[in-house]
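Asker: Heads up: the protein sequence lines correspond to chains A and B, in order. First residue of the first sequence: -19, per the numbering used here; consecutive thereafter. First residue of the second sequence: -19, per the numbering used here; consecutive thereafter.
Honestly, the hints are just simulated from the structure, not real lab data. Keep in mind it's a predicted model, so treat the numbers as computed, not measured. Among the clues, some could well be false.
Identical copies look the same in the list; a pair holds intra-copy or inter-copy alike.
[What the hints assert, rightly or not] Derived pair list, reagent style DSS-like, types lysine-lysine, alpha-carbon separation capped at 30 Å: (1) K196 with K317; (2) K105 with K196; (3) K105 with K138; (4) K292 with K238.
Number of protein chains: 2
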Amino acid sequence: MTTKKLLRALAGETQSPPPVWLMRQAGRYLPEYRQIRAQAGTFLDLCYNPDLAVEVTHQPIRRYNFDAAILFSDILVVPHGLGRTVSFKEGEGPVLTPIGLATDLDGLDIQGLLTRLQPVLETVKRLSQTLPSSCALIGFAGAPWTVATYMIEGGSSKDFAASKRMMWNQPDLFARLMEILTDATIAYLGAQVEAGAEVLQLFDSWSGILPEEEFKRWSISPMVKIVAELKAKYPAIKIVGFPKGAGLMYRNYVIDTKVDGISLDWTVPLEWAAENLQPLATLQGNLDPILVAVGGEALDQAVDRLLTVLGKGPFIANLGHGIIPSTPPENVDRLVKRIRR
Amino acid sequence: MTTKKLLRALAGETQSPPPVWLMRQAGRYLPEYRQIRAQAGTFLDLCYNPDLAVEVTHQPIRRYNFDAAILFSDILVVPHGLGRTVSFKEGEGPVLTPIGLATDLDGLDIQGLLTRLQPVLETVKRLSQTLPSSCALIGFAGAPWTVATYMIEGGSSKDFAASKRMMWNQPDLFARLMEILTDATIAYLGAQVEAGAEVLQLFDSWSGILPEEEFKRWSISPMVKIVAELKAKYPAIKIVGFPKGAGLMYRNYVIDTKVDGISLDWTVPLEWAAENLQPLATLQGNLDPILVAVGGEALDQAVDRLLTVLGKGPFIANLGHGIIPSTPPENVDRLVKRIRR
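Starting from the given sequences, assemble the full structure and let the hints guide the process.
Answerer: Have a look at this one:
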């Protein structure tokens, strides 16, 4: 049996203390990250520079000895790898040329995807060779629905009106986009496994805005295919789903997709999750990132409650979403020490 | 027994067809609203002008013969009535001077609230005298947590960091603000009942971003007090809660608050709601507003499914959030006819 705590948790083992890592643990809250970021040109330049991407992935491991490192990259490298224009404006989020026509889909360069994303795969490979032996390597991708929203909206959105309009008004076009993204995601994640990723996490950050039927069709179904195909080809791979905001649909998601782990956003009630989800999958989460930025006793109490309720079964301590840039690094230290005491 | 379908539904009666009204039914999607809006000065000027507010409240009733009219106003008249600066920038949402200090709370003018909101109460009174006899009059307010977020953030927010920081970092200050808002809400809604409102809806639009414990403390608990005090004073009043995005907390909310009706956002699974909520309260909702803007057969199918699943018990057909400005008025006509056929 592996000695990596993260892999043992995802194999269903209950551990005390549980493994811990944080979403966006390599990021702007760390001064050493901001220093590298300042040297790197654009954000995508950083994602595509294996020397620097390996370094920033290592930074939080050196500081906090997390039980897992997550590849430093972004979910939007997939549309970029398919040939779309993607850029990041500091503080404003990503900007893409929106997709709206069948000809836009014809132009997606599926053949060129892995060639374009070769630098990311090189980063995975180097990480797998350099991380501490206790530290598991997590690869990741955005789930197709979430990636599709960025491609259709041209960036972030308040109400995802353009995405939903295409979904309901141009169902064939939308289905084709989703199929392309599902296949691209499988190819990209498979290549990450071959480069050394031991766990894969799929971020469906915007699944929580879908009505029930559309959630089943566009969040769950693509994930069923992704998990089935990757597990058929790489039986040892562990897969974590993060359908953020899924609320009442979390249980359907876990049952249908057969993920090994399920990442919970900060709104999921703990006793409910322990009773309804933990028998089916390893739980991961779910501290409110703003509470980590606040710190102090309110954070301590939330950590203790989290460990008390979810620590009785297979569990990975984490946040309910990415750590926010204003988080003092000493709060992360306090959090990690509290989990491990 | 009243012949008003909305009141019968809220008394627990199953009706076929169910009553129907739409959140934001008086609004920018109607050309006749835009015409009045253009004459009215600022948005708050419109809210405080009984002649015009009565007219825009009537407009959708004339067009669609809805079973209920909701007072034309805004949830931010309460902070404005307490003396805070509130303005609305077209297309950008509300702007308030943010609250952050104890002295800000000392300045809240609770005594002056109902005097400042007298024009809104005059609108309620005139509506109760002029609406068709089949049309119930709904008064409303924002729930304290949601109103507090606007007051603390100074407007809308992406992550509500300032509100959560105050909640966790300055718990006494935050509790005092919430107590003031709870009492102000009770006073304001009581005055609406005395002016002729037959139903009250409380919009907790941002309750869905709270973790479990904070949801109980800051969304449910104030609502428990609001419902209990209003029902003690006005035993006939019907109260609908709308904890948008509450997900797995919807059931706790219904059980604890003892609302007569519960408004469901568009993500709530229908069979789950029929089984877990409808035995406890009348359901209201929950079409995706963007689907109504899209229209066509996708809308028809969703309406049919909604009626099939929720129409077997006490139910009010509505949307899962406010109608969006780009909705073609003919789609609303199609929707209403489909519900009533």
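Asker: Against this structure, judge whether each hint is valid.
Answerer: Status of the hints after comparison with the structure:
With identical chains, the CA atoms of K196 and K317 are at most 30 Å apart between copies only, with a shortest distance of 28 Å across copies and 39 Å within one. Neither within a single protomer nor between protomers do K105 and K196 lie at most 30 Å apart by alpha-carbon distance, with minima of 34 Å and 46 Å respectively. For the homomeric pair K105 and K138, neither the shortest alpha-carbon distance inside one copy (37 Å) nor that between copies (36 Å) is at most 30 Å. For a Cα distance limit of 30 Å, the shortest separation of K292 from K238 inside one copy, 21 Å, qualifies, whereas the shortest one across copies, 34 Å, does not.
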